[in-house]
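Visitor: Based on the sequences and whatever the hints tell you, model everything.
Protein chains in written order, with my numbering: chain A, 1 to 320; chain B, 1 to 251; chain C, 1 to 288; chain D, 1 to 439.
Hint data in this document are derived by calculation from the structure and do not stem from the laboratory.
One or more hints might be untrue.
[Said to hold, decoys possible] So the derived list for chain C, only partly shown, Cβ under 7 Å to chain A, looks like this:
1) G102
2) S268
3) G269
Backbone N, C-alpha and C fix where the C-beta goes; we use that ideal spot for every residue, glycine too.
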Amino acid sequence: MTGQRGRPVLALHVAVVLLLLGLQFVVSPFQHGMLARIMVLAAFAVGYNVLLGYTGLMSLGHAMFFAAGMYATGLTVFYVGAGPVDGFLIGLGAGVVLSAAMGLIVLRTTGVSFLIVTMMFAQVFYLTTLYFNRITGGDQGLILTGHLHPLRLGALQLPFADPAVKYNVALAVFGLCFLLSLWLTASPAGRVLVAVRENEDRTTMLGFNTFTYKLLALVISGGISGMAGSAYTLLFSYVGSSFASILYSIYPLLWTLVGGSGTTIGPLVGTALMTYVVDITSGVTPGYLIVVGVVLVVIILKFPSGIVGGIRARWLPWLP
Amino acid sequence: MAAVAAVAPLLATHALRRTFGGLVAVRSVDFRLDRGEIRSIIGPNGAGKTTLLGIICGRIPPTSGRVVFNGRDITALRAYERVALGIVYTFQIISIYKRLTVYENVALAAERRLMRTPLDHLVAVRLPVAEQVEGALDEVGLRGTASRIAGSLPYGHQRLLEVAMALAAGPEVLALDEPTQGLAPDEIASLCALIRRMSATITILLVEHNMQVVLELSRRITVMDRGAIIAEGSPREIEANPDVRRVYLGL
Amino acid sequence: MSLEGHLVLALLEGLVSSLVVALTALGLSLVFGVMRIVNVAHGEFFMLGAVITWYVSTAAGSFLPALIVAPLAVGALALVINRVVLRPIRYDPAATIVATIGLLYIIQQLVLTIYGPYARPVVPPFYFRVDLPWFGYSGYKLVVAGVAALLLVATWLLVTKTTLGLYMRATQQDRETALAFGVPVDRIYASAFALGAVLAALAGVLVVPEQQAHYLMGLDALLLSFMVVIIGGLGSLPGTVAAAFLIGMTDGVVSVFFSPTLARIIASGLVALVLVWRSGGLFGDAAA
Amino acid sequence: MPDGKISRREVLKTAGALVGAGLAGKLAGYLPTASGPGAVAQAAAPSGTPVRIGFEVHRTGIGAVYGKWFEQTTTATVKLINEMGGIAGRPLEIVAEDDGTDPKRGVEVVEKLALQEKVDVIFGTLFSNVVIANAPRAGELKIPYFVVSEGYHVASGKLNRYVFQPGITDVRAQVTAIAPWIIKNLGKKVTMVYPDYAFGYDHRDFFGQAAAKLGGTVQALIPIPPTETSFTKYFSRIPGDTEVVYHVMVGPGVLTFVREMGEYFGSRKVKLFGFIDSLEGVDIASPGLEFLEGSYIWEAFPRYAGNVNTMAERNYRQRVGVDASGASVADPKDVSTYSHMFGCWETLYVIKQAMEKSGYKSPTPGDYKALIETLEKIQRFDEGMEHPQGTKRFVGRLHQSFGRQFISQVQNKKLKVVYMTKIEDGMYPPEADYTTQPL
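Guide: Encoded structure:
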């Protein structure tokens, strides 16, 4: 909020992005790929966090926004032969439009009703992708390889098959969403969102039209989720219904809560942690989900407000 | 003065009615509030005071009737729109952002007025906010608490903080719903002083049970019973009014 | 098949499935109503009920002992979970979600490891087929529907007529006040959680002869129950039943006239809109 | 460090499959059928650096039943291959990793096996949504990827040159092969009930085509959405004059599906033709399946012993640890996925053959090129210990094998083969040619 706090915060966030930028030169090829995927999914979680962490609305339907971005990009690339940039913008647009339209309906509800309504509309979206399987390929999905042109920056051609391209596109998308969310927390609008989270009635009686602010939050959240979905499609040249299923609504919720909802860095931490816990344990034992479950329980017993949330509460109160 | 007011009431309701299911909370109330006065609304529990206040502030839609503010029919306006017009409300049960700092609490109130263009939403508007926050905090006597977490303030200070937020929201009419509830005598005294100070620039509408406070502060008093206004007048007139004594003071 | 045939089928399917859904949702309605926590692992209690039933009925050669064993076992497990996990995090809503997702992983993986990935059938205690002019129908399904109705009434009596129920409703209304009036809130939470688990397990037991015991059957049951409970209105049993009927009937009727997936789309959309329109739920106060 | 990790995984993996392979191994010692491989028992023990095959397995998620048996089959195959001298004299080693039957995790697993474990090739994926999501990555990483999925995705040409399906016939071929029998023997008016996901689309598209050619008509399509637990409400959509109900389902709901169908139709005369996919991992004698008695079911490889009476089949069955009725020797309640898991066995032998023939040494572009081009030139895999399901025609340009199919009837709660197709019956004009793609 105030000047002398702003500087270290900004420095920290820039440092995180720079760290990710640097990591690509030191990590193994496998980690390289993992990090690229983690960044894209972390962007998804960042988008989710805008709604849950900074506005206090818990959605169980964000898969529909992720998938909206994924399908908008994927289908236009596949059928229309759109370029990656156009495809990406269309994906972003789809996330924005869908979340705006949804917002006008679902924001009439709050609390658990909001949770359920978003879940049900996401289910409708998921089933729709199956119903139109002759176009979408249903859960088998579509492959973009051969339809997807390389990314053009001036003279150079950047094929998405190139790991470096994957990584840095992922980084660009994540960095954008990450800093966007940081800016949001510092902006007056962002503070109003927090006010809505903390006490909506009071906020109304201070003269704010809380509905429009919640809609704003949902649209930003949906837009970011759409971007993430779009980026995922471009990077892994695949579109499929699985990414619209309830699981992909639960993941961002889980990642955000584990990392710390209402913290800008939490979503990244949560996503990375969960991805690696699964990856490492699954290599060690067939029953790895038990370990994952135990880890979740232990984390939450130690940090009920998520890892970064706990760190903020204990040591770094100035974390946004 | 009264004549002037008669010409242009700051706020007036016409044949206001509100029912909840079968229960009539407010029945055909014609209420008028003049600019610059301190008005108290009193009455036994369930008389409809808070409902009337709620309708005036736009928290509760009337079943029928109109609300006019500055000569403009605002019946259709939502609560937040009325706040923007200058009708500001403080809750009966203290309502602040307990987990935010005192500064942030008041800043939110101030910022709403300063955020006019979309751009204002994007980039932090700094200077005016800080000044207005300090001003409001000084006014209510909370200077120096800016960086504290609101929830950690003593009860009385939380009440004052809510008033400071109301001030920062730039009220023309300030509706206080039982502000002295749960305050210690000395706190009540200072709150009364504050209200009197504020009334120099702001019209005060008070729903209050504490008769000392009411009689001491009010220019005029409106008495409600079973959803209707049964009397209105100066403290002295009201004290003398037999109906009031019967119905309300229970004498 | 004639139109009235279609409709009879639709209504029958609707009726039966709604009662079964209500039964599944019963426990959740209790837990969610009283404790206001989203227990993601609730569906796993349902699954455990079904799986235990398979073990019991293969061991004992009869389905009936499971009616006792499964609920008790699952209820005990719930008490442990409540003590070891939920109480330490003070039933914090967000933390509870994460913790119970963890529990869901643990329970599912344990069942997968011990019981295996199979969908195993359980012989119903009795089996007959009701022949209607247009089509046949499972007699067991009808009986389950009946039992479900009984259990619903029983639970309703428990909540409205007993001290425990009174305490539960008090806690549901306002935890602090209840505490002030000397309601042993901790014990109420524990018993509500356990009772919810018992009911979920019971639902699992009754349903398993209809749908096989499978380690992944929990999540869908949970989501469906969750819908029913919220649409019905927090902690309102009549609401839960009403919502179950709303969903069951919509699903049943719509399915007869549209291709399955489209039917699902339409049904879910309609039901969601009902909740938007009555955002507090059919019988609910404003949603918490 | 990696070695330590691998050996640890090895231990745990074998521990996991100890029941299946371990037991099969013991029996292999003295059972007569072992005499076939027995002869080879003298083969020199493999030596040198192991050939490491990455195995993407559905240990968890909806595919877990298949995953369990794919893993058991794979372990048994590897054991036998190593007993018989390994691959080009090198020991064969499996690096298994669960993908949770999830397309996202699937891609991670492909990357992990290729980049971190640095395996020679990857194989084993079944569920088509995972296969299709993985294929682009395998292509980008330029690592041969052998799927055992039966989906019509490899042969459709939408994947890439690194993806092969040499161990199992695809759904299009299965359907094309058996459609004539259905139309001739059961009836011309067909209603199809199939999943509105996975290979449901392949059935819908290609059975319709095949049936039309033979004067059959598909009267109604009833695609069932995922996570459906009650089906009765859909049966009223089956036209009254339907002669054949063609049903293929996946997932845990299938038993309910069949039983509810039984309750619904009761005595009403309608012929049923189903796909074993519905009943993989399920005992045909299960309560509620009585309604299937007398109905017909497609099998890729007959579950009940004696239907295919070859030494190769007996050896395969006993090596994997499957009893005469298709259940696990260790626990008769664990019913196998007999019509799919043979694909793992045969695919591993295809890999062995291709590696040995191409002189494959290490995961280098050159060796991969040789491996892929060699495999693309192979035209048939002869029935025998390596290919117990039967001879396969392999179409190099499609990267797809074609084998015979079986139609069985449920008789006294067992499956009895009543018809066997010829390989040619299933072959369709190829629409793709991977060999033209650059490597």
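Visitor: If you take the shortest Cβ to Cβ gap from G102(C) to chain A, is it below 7 Å?
Guide: holds, 3 Å
Visitor: For the restraint on S268(C), tell me whether the closest CB of chain A is nearer than 7 Å.
Guide: holds, 5 Å
Visitor: How about G269(C): closest beta carbon in chain A under 7 Å, or not?
Guide: holds, 5 Å
Every hint, counting from the list given before, is met by this structure.
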